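*Asks:* Could you put together the complete structure from these sequences and hints?
Chains A and B supply the protein sequences, listed in that same order.
For the first sequence, our numbering begins at 1 and goes up steadily by one.
For the second sequence, our numbering begins at 1001 and goes up steadily by one.
Some but not every residue of chain A turned toward chain B, in silico, with C-beta under 10 Å:
#1 Q6
#2 M34
#3 Y36
#4 R41
#5 K42
#6 E45
#7 L46
#8 L88
#9 T94
#10 K98
#11 Q103
Just so you know, these hints were derived from the structure itself, not from any lab.
None of these values were measured; they are calculated from a predicted model.
Just so it is clear, CB atoms sit at the ideal spot from N, CA and C, and this is done for glycine as well.
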Amino acid sequence: QKEVEQDPGPLSVPEGAIVSLNCTYSNSAFQYFMWYRQYSRKGPELLMYTYSSGNKEDGRFTAQVDKSSKYISLFIRDSQPSDSATYLCAPAGTSYGKLTFGQGTILTVHP
Amino acid sequence: GAVVSQHPSWVICKSGTSVKIECRSLDFQATTMFWYRQFPKQSLMLMATSNEGSKATYEQGVEKDKFLINHASLTLSTLTVTSAHPEDSSFYICSVPTSYSNQPQHFGDGTRLSIL
Chain A
1 QKEVEQDPGP
11 LSVPEGAIVS
21 LNCTYSNSAF
31 QYFMWYRQYS
41 RKGPELLMYT
51 YSSGNKEDGR
61 FTAQVDKSSK
71 YISLFIRDSQ
81 PSDSATYLCA
91 PAGTSYGKLT
101 FGQGTILTVH
111 P
Chain B
1001 GAVVSQHPSW
1011 VICKSGTSVK
1021 IECRSLDFQA
1031 TTMFWYRQFP
1041 KQSLMLMATS
1051 NEGSKATYEQ
1061 GVEKDKFLIN
1071 HASLTLSTLT
1081 VTSAHPEDSS
1091 FYICSVPTSY
1101 SNQPQHFGDG
1111 TRLSIL
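*Replies:* This is the structure we're talking about:
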């Protein structure tokens, strides 16, 4: 079993749709939960991060963590074509330590 | 603006060549940096942890004699792929933890390495 599982997709949605991206993890020591966005041929860009369980909202993005079920989610409201990218979840034991990435979900938002 | 600078962004070279990739922390003094490798349509896999002034820590299965890491200053870590072969062709990315607590890492833009 991989330490972090993420459906690779691809996921294709129309512009304006609500997108739900999810990961599961197995390591109970994970306390920090990051979501990165990666455009083709670029390094990952930090989108959201949360500590422990709960919700965090930033503009059109909402991150949710349920530590009891080891399930993390990222929601994108009013999706735009510019949101087309690969989304990577990365839980970690510390915010500054090494990261274990999910496989990444390829998202395409079409006009 | 960018907090991590990685150079070169793309390199093509012949098999047997050694290639050096630089990772610079622009805003933070980094005692630790991380090197990842990403194959097409796959996720990032941690290769090694670069430690300023001491030896790097390599992940299981990564050849330390093949991937030489030097972290001679608080702003620069280098990864040298020695005697590169086509199977070493990949996307190499470095990351830098910030100096602030509870703040996640920042990544460079990666280096695309193609070995002919």
